[in-house]
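Produce the entire structure from the sequences given, and follow the hints as far as they go.
Here the protein sequences line up with chains A, B, C and D, keeping their order. In case it helps, the UniProt record's numbering puts the first sequence at residues 1 to 416. In case it helps, the UniProt record's numbering puts the second sequence at residues 1 to 90. In case it helps, the UniProt record's numbering puts the third sequence at residues 1 to 175. In case it helps, the UniProt record's numbering puts the fourth sequence at residues 1 to 988.
The hints are simulated quantities; they were obtained by calculation from the structure and are not laboratory data. Some hints here could point you the wrong way.
[To be verified] Quick list of in silico lysine to aspartate or glutamate cross-link-like pairs, DMTMM-like style, CA-CA up to 25 Å: (1) D/Lys873 x B/Asp35; (2) A/Lys249 x D/Glu885; (3) A/Lys249 x B/Asp33; (4) A/Lys287 x D/Asp519; (5) B/Lys86 x D/Asp737; (6) A/Lys249 x B/Asp31; (7) A/Lys407 x D/Asp891; (8) A/Lys249 x B/Asp35; (9) D/Lys138 x A/Glu100; (10) D/Lys630 x A/Asp124; (11) D/Lys146 x A/Asp270; (12) D/Lys879 x B/Asp31; (13) D/Lys146 x A/Asp286; (14) B/Lys86 x C/Asp42; (15) B/Lys86 x D/Glu667; (16) D/Lys879 x A/Glu406; (17) A/Lys169 x D/Glu614; (18) D/Lys630 x A/Glu150; (19) D/Lys138 x A/Asp105; (20) A/Lys169 x D/Asp631; (21) D/Lys281 x C/Asp120; (22) A/Lys249 x B/Glu52; (23) C/Lys80 x D/Glu708; (24) A/Lys249 x B/Asp70; (25) D/Lys516 x A/Asp18.
[Said to hold, decoys possible] Just the calculated beta-carbon pair ranges, DEER-fashion: (26) A/Gly12 x D/Ala356: 34 to 44 Å; (27) A/Arg17 x D/Gln28: 49 to 59 Å; (28) C/Asn52 x D/Glu707: 18 to 28 Å; (29) A/Asp162 x C/Ala11: 23 to 33 Å; (30) A/Asp33 x D/Pro132: 30 to 40 Å; (31) D/His987 x C/Pro15: 44 to 54 Å; (32) C/Asn52 x D/Ser785: 23 to 33 Å; (33) C/Met1 x D/His987: 29 to 39 Å.
[As the list claims (entries may be wrong)] Sample of chain C residues lacking proximity to chain D, with all beta carbon distances greater than 10 Å (derived): (34) Val17; (35) Leu26; (36) Ser54; (37) Gly70; (38) Gly106; (39) Pro128; (40) Val148.
Don't be surprised by glycine CBs; every beta carbon is placed ideally from N, CA and C.
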Amino acid sequence: MRYSVFSLLWNGLRGNRDWTPAWRQPEPKPHYDVVIVGGGGHGLATAYYLAKEFGIANVAVLEKNYIGSGNVGRNTTIIRSNYLLPANNPFYELSMKLWEGLEQDFNFNAMVSQRGVLNLYHSDAQRDAFTRRGNAMRLHGVDAELLDREAVRRMVPFLDFDNARFPIKGGLLQRRGGTVRHDAVAWGYARGADSRGIDIIQGCEVTGIRRENGRVTGVETSRGFIGCGKLALAAAGNSSEVARMADLKLPLESHVLQAFVSEGLKPFIDGVVTFGAGHFYVSQSDKGGLVFGGDIDGYNSYAQRGNLATVEHVAEAGKAMIPALSRVRVLRAWGGIMDMSMDGSPIIDRTHIDNLYLNAGWCYGGFKATPASGFCFAHLLARGTPHEKAAAFRLDRFRRGHLLDEKGQGAQPNLH
Amino acid sequence: MASLVPCPHCGSRPKEEFTIKGAALARPAPDADPDSWFHYVYLRENPRGAYEEYWHHTAGCRRWLIVCRDTVTHQVNTSQDAAAAKGQAA
Amino acid sequence: MPDLRALPALADRTPLVSHGIRLSPLPEGTVLQMIVGPDAPDQTANVERLANESGLAARPLSPGQWLLIGDKPTRRADMKHLLAALEPQASGIDQSHGRVRMRLEGPMAVKVLAKGTAVDLNQRAFPPGRSVATLIGHIAAHLTRHDVEDFEIAVLRGLAEACWIDLAGMCEEFV
Amino acid sequence: MTSYRLPQGGLIDRGHPLSFTFDGKALQGVQGDSLASALLANGRRLVGRSFKYHRPRGILTSGAAEPNALMTIGSSGRTEPNTRATMQELYAGLEARSQNRWPSLAFDIGALNSLASPFLGAGFYYKTFMWPAPFWEKVYEPFIRKAAGLGRATHEADPDSYDKCWAHCDLLVVGSGPAGLAAALTAGRAGARVIVADEHAMAGGSLLSETAIIGGTPASAFAEACATELRSLPNVTLLTRTTVFGWYDGNVFGAVERVQRHIATLSPSRPVERLWRIVAKGTILATGAEERPLVFGGNDIPGVMMAGAMRTYLNRYAVAPGRTTAIFTANDSGYQLAADLEARGVRVSAIVDPRAAGGATYAGKARVLRDAVVTDAHGGRSLAAIDIRSGSRTDRLKVDALAMSGGFSPVVHLACHRGGRPVWSDEKAGFLPPANFGGLTPAGAARGIDGLAACLDDGARRGANLVATFGFTATPVAFGTVEGDVPVSAPAKTLWSIPGGKGKAFVDYQNDVHRKDLDLAVKEGYGHVELAKRYTTGGMATDQGKLSNVNAIGLLAEARGLSPGAVGTTTFRPFYTPVSFGALAGAHHGEHFQPVRRSPLHGWAARHGAVFVETGLWYRSAWFPRTGEKDWRESVAREVVNVRRNAGLCDVSMLGKIEICGPDAAEFLNRVYCNAFLKLPIGKARYGLMLREDGMIYDDGTTSRLEENRFLMTTTTAYAAGAMNHLEFCAQALWPDLDVRLASVTDQWAQMAIAGPKSRKILQAIIDEDIGDAAFPYLAAHEVSLFGGALHGRLFRISFSGELAYELAIPAAYGDSVAEALMATGRTEGLMPYGVEALSVLRIEKGHVTHNEINGTVVPADLGFGKMVSLAKPDFIGKAMLQREGLAAPDRPRLVGVVPLDPADTFRTGAHILAKNAAATLENDQGYVTSSAHSPHVGSTIGLALVKRGDERHGEEVVVWNGLNGEFTSARLCPPVFFDPSNEKLHA
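As structure tokens, then:
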């Protein structure tokens, strides 16, 4: 059923009895051309683009829980393409361009809202780093503006300009950055993939990867064996465990990142603002809650919950950035599991095992990457060669020394 | 864990007193092959379950610890001084 | 010769006094960090003896490490002598200027400190005479309990003023 | 407006009236009131508007779960939106305002949304607002954002203070109702360290609303006696107004105490809220149970209230719910309410009970309708009538208040914060806490125990058992007979919704989720409990679904043909109730966000007029302006020229300083630096490069050998702490067999750089030893005596500026005196202070790198240090990975100098480098300017840059491209040393 204002009116007048399921609940078939492990944003987007762009629809997406139960439904919904490295920046810009046409493309309002992403700087060194990054963006035709203190003050007058330990000196603004209603991304891709014939199989946990003569031939699942031509792993947060089923050890650690929402408020802040003197960033959802977060808790974890010290740290930074937050109440904290890679950049690549493909290592940048990740992974699966915008996200770059380290932190994932 | 970490020297202390480094792997011998070094620096078991990590009691005794912890329950199983642990292993 | 004057880090701070709490700077005398080599036998007795001989108090800092503390500066020759006496099993590092001490005492002292440190300050868990290294708020500190309501706090010199300001804030509701 | 306050009774002080305002109208309550009870006593039923349909809403509960009565209280920086009137104690002068309505609470235009409700079902916005595409941000979204949200937060800073503290105990008791008090008394009397926390102002929980008699004492007096005893025990801390909001790993609980949220005149020396971090060996979860609404048409009309809340308003606050009341109850609790209402003279016209037999002991006057349900409630801004269906007939009954009770859900939140899942119990008709999940023991109604006596008994026993495991001998406290104890007697089958109603039947009140929304979610494939939540927004309001979630699960279960247990719950997460940023941040905000670290030369610099700049936690002197200088550039240029011409004094105390002692110190250094250190002579300094294990440069600095087994390492300011951690890691975790002893001595020394051609002469005036070039050559480093032996320090002949220069370290407390002494003796030689800005210019002129260049992605060869790397050494950190192909690739960015072709042109750090005539594209990006400054020596801007094959491109013309500012500068690449490349000055 196509969604439109007319379908809404028509169904409303008919008592909303005739809406149909947004996706089917199919039984798994014995074999698919491509089996995607992980019904999150990246897996569903991969499926959608495989069908839509590459005409491959004999595809199953296997999700052990419900679709969108992983990071696509537990992030802070930010999209941006303000990356520094020439290997990252075009990829995230591709993603941004896909975001910009996404809703009409998959006929689902995901509330893509480009209200701007502003990164504050508090020192000359940070300003210089943003100058470098902003120029890298501009060289690729991505919008970037370096604001001085007064320009920031005009935009967000209620930041702490007068009493701060680390005074705000300016900011790097990407006006095209913004937020997207995260769950709707999973649902929109799922509905779009389903309508093109792709089987989305929820409650189906992969328990083993079957290999014959060194080639992957299918997966053992909680719902039986499912054969496949190609096996595509898009199981962010659990990548190491799934890869282990094929005796593959990855350059990843899993870390918990907390996110928070406040009570609903009338419009308080328009765009996304990130603090440069501590770990804090905030935006406001269309529903009114301030959505915010900080840094990862710092230790390996598969538990989707964090600790209080980080909560306090985030609150301190939040109040330091916006003193008026003091009396705003935090409603809920939750946690997502990040595949933290060893250089802070993702992996979209084939593995050394035939038919086994990997999409992993998104650190906490996975959500914004969803469309491009799906698109490029689909390209790799369909064509067998990396998409030009994702050509550097190779698995062997660590061994070869071609690292993509935006922050320059080295092989310690909790610093990225 | 995470909220409180048992330091073998100082007792239970809050996470904010510590610095976490990551997997407590044995450093290869200087002349080990490049593959061993690559594994040491870049590859991680990253299991659901028991895992050994280096934690530094930065705001306390300033000793590096090997904390064995369950990555799902966050239960700390053991916590010992890294030097002592290396001594035992040797 | 110019007027060589030791300028205490808390020179500007006068004691904060009420009937519930008293916060005061301690003299910048002697702080000697003593570190025992990893293979040396237990030096506790040796440390106690050396400290006694030098009129200093030995306070554990970390395994194999102590702070030897005194209210009076140690003369250069004596310090040299002391450093030499430690070797080779241990090394001494003069931190007399590197650490600044303050004292927090009174019936509310435990309540004030509990605002900053996660150490259980119950006197059974942390009896008089014991020292710990811990965070007080955001600042790493060396905390010694002299008596039930009498604590000494040593911090890096550069953070002494910040620590004082934090502690004074914590004391505020009792002043 | 008529008063609903009863003439007597209640735990209120009628002799202490309190004035307050609601939407600007002056009203009166009394001491002991909540804002909600005071509003009800004043007959104010309409207190808010719902989120989506702007339906009129009244007070539904008397506690933390309240979804409707959210108000904004306070003004200016003390504005608090979304305050639950049920939890807010009344105080004199309290200003409360209703929310989410325009123009007024009574006449709210937004209520028109109700007319469009057929089109505004669950998730309607996912299906529309997509055309034309640009309209989303420009038209639809701004409208939605304005319409959404609840209260309006202030943008003003909060004037009040907040506080934090830690607490440790054997037993934490969460909740001071019957089970909690019994557990706490039992443990407290046994000598255990006990903390009792309760979110309300008074201890007692449900006892405060109870009419039962316990051991001869009325319940509320009994609660008070228990609280008094607890307060008298030195080993017990009773925290009221304290909400335990989260259970974290290691048995740490987060709690927030509202220290001054109930006070008219705040004491400025006390915090308004205090965050507690409670470390407990064991915990009794005595959080009671939440009463469930019944889902029938119009169940949200003001005047419809939870039965238990009605009982609380009646008994605790002495407020009558209305003139004529009906009770719709699916269990026996409603009968106790009826009895209490009648005892207070409030007429109960009907008790509607869907069960065939219930309320057997009820002996009151109300008509009892069994096998009957309320299908609809009627009224606009206040309840007017209800429809009661009994068998096949439906009757309308005029009432102005309706109590409802659909059953009780144990409050299991905290028990589920660490991954445990609640367990459905058909017998208890509710989700129970996970069984003894890691040290948390539920007791009383929180685990489905029914009845007051049973809860008291359960709390005492469980408290005793728990502290026994910590070695205490505890006897469960017995409280005597309980009279008037009426167990709830849950029905065998829960009634999740009432069929046949015509009006909207709300499940989640605040988010306006009604029964049909859940049906639609299931129909469209969002039937999983998590998807249904996300699609309908049920359970996502400020009450986190405390009232609604279990009903929603029941309805999903019905629609999907499953048991509620099979549907399961959504995840319970902190915070139990919302917690302010202020409380979580404590004192660390504003200028106290992070501590200030002060150099021992701070006072000296300040006296000489320094402008300071934040550098990590330090304040460093940036430059020293003089009268007549028009801007900082002029001051910096003057300082630079003066260093090159005369001499300057710069505070470098904040550089990291680490003493490395012990017999294996040299070997240790040889392994942590990539260059050789074994043979460094005593009395000499050497520049060292420290790599990370991945081969990239980590930090640099000089290390001096002061004695055979004593070295002093310096690190950069930014990496001082990190380098110390790293060295300790190497010493303890990697090579514990080496005997090295590490101590940070950063704070022990005031360190000053004295640089410039006249530095020797100036220093020699205060230093006793000969520091001439022969006696004290470049890189000499040893102890010196000053002022004829009055003081000793350490002198290092090292130079960041490229000039003849020294660094002098003085015991910190003497730093100020020595700096002033140097200024005095150096005055005739032209000695001036200089700051980090000038230092930066000097080092760029000399081509010295900092962390601008050591950006975490460079290897030694990238910066021209390739030859320093001693691959002959058997081992050093980073050696293995350094030899990867990518780290030796020919087109890696390498350090190079850059100057504008036209000296009048300039460029800035962060600008990129393009080949001459190349298009401005990412593909053509050659690198970027890492550092830049105006060089008085060169007479133009100069820069250091990391450029692909930069070391091979000296002389090439390039464009320095700063698209951000539209600055495009023609420039030339050159060797990265602009001053004295042959080091003659250095060795002077």
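Legend entry - Restraint check for A/Lys169 with D/Asp631, where alpha carbons must lie at most 25 Å apart: holds (18 Å)
Inset, instruction - Starting from D/Lys879, check that the Cα of B/Asp31 is at most 25 Å away, please. - result: holds (10 Å)
Inset, instruction - Check the following: the C-beta atoms of C/Met1 and D/His987 are separated by a distance inside 29 to 39 Å. - result: holds (32 Å)
Inset, instruction - Taking the shortest Cβ-to-Cβ distance between C/Leu26 and chain D, state whether it exceeds 10 Å. - result: Given that every Cβ of chain D is farther than 10 Å from that of C/Leu26, nearest at about 14 Å, it holds.
Inset, instruction - Below or equal to 25 Å on CA atoms is what counts here, so check D/Lys630 against A/Asp124. - result: holds (20 Å)
Legend entry - Beyond 10 Å from every chain D Cβ - status for C/Gly106: C/Gly106 clear of chain D: closest Cβ-Cβ about 16 Å, beyond 10 Å.
Inset, instruction - Given the range 23 to 33 Å, decide if the beta-carbon distance of A/Asp162 to C/Ala11 lies inside it. - result: holds (29 Å)
Inset, instruction - Say whether it holds or is violated: C/Gly70 keeps its Cβ farther than 10 Å from all Cβ of chain D. - result: Per Cβ check, C/Gly70 is outside 10 Å of chain D; nearest 15 Å; holds.
Inset, instruction - Over 10 Å to the closest beta carbon of chain D is the bar; see if C/Ser54 clears it. - result: C/Ser54 clear of chain D: closest Cβ-Cβ about 18 Å, beyond 10 Å.
Legend entry - Proposed proximity, B/Asp31 with A/Lys249 (alpha carbon, max 25 Å): holds (23 Å)
Legend entry - 25 Å limit on alpha-carbon distance, applied to hinted pair B/Lys86 and D/Asp737: holds (9 Å)
Inset, instruction - Mind checking the alpha carbons of A/Lys249 and B/Asp35 for me, to see if they're no more than 25 Å apart? - result: Since the Cα atoms of A/Lys249 and B/Asp35 sit roughly 13 Å apart, the hinted pair holds (cutoff 25 Å).
In summary, the structure agrees with every hint in the numbered list given earlier.
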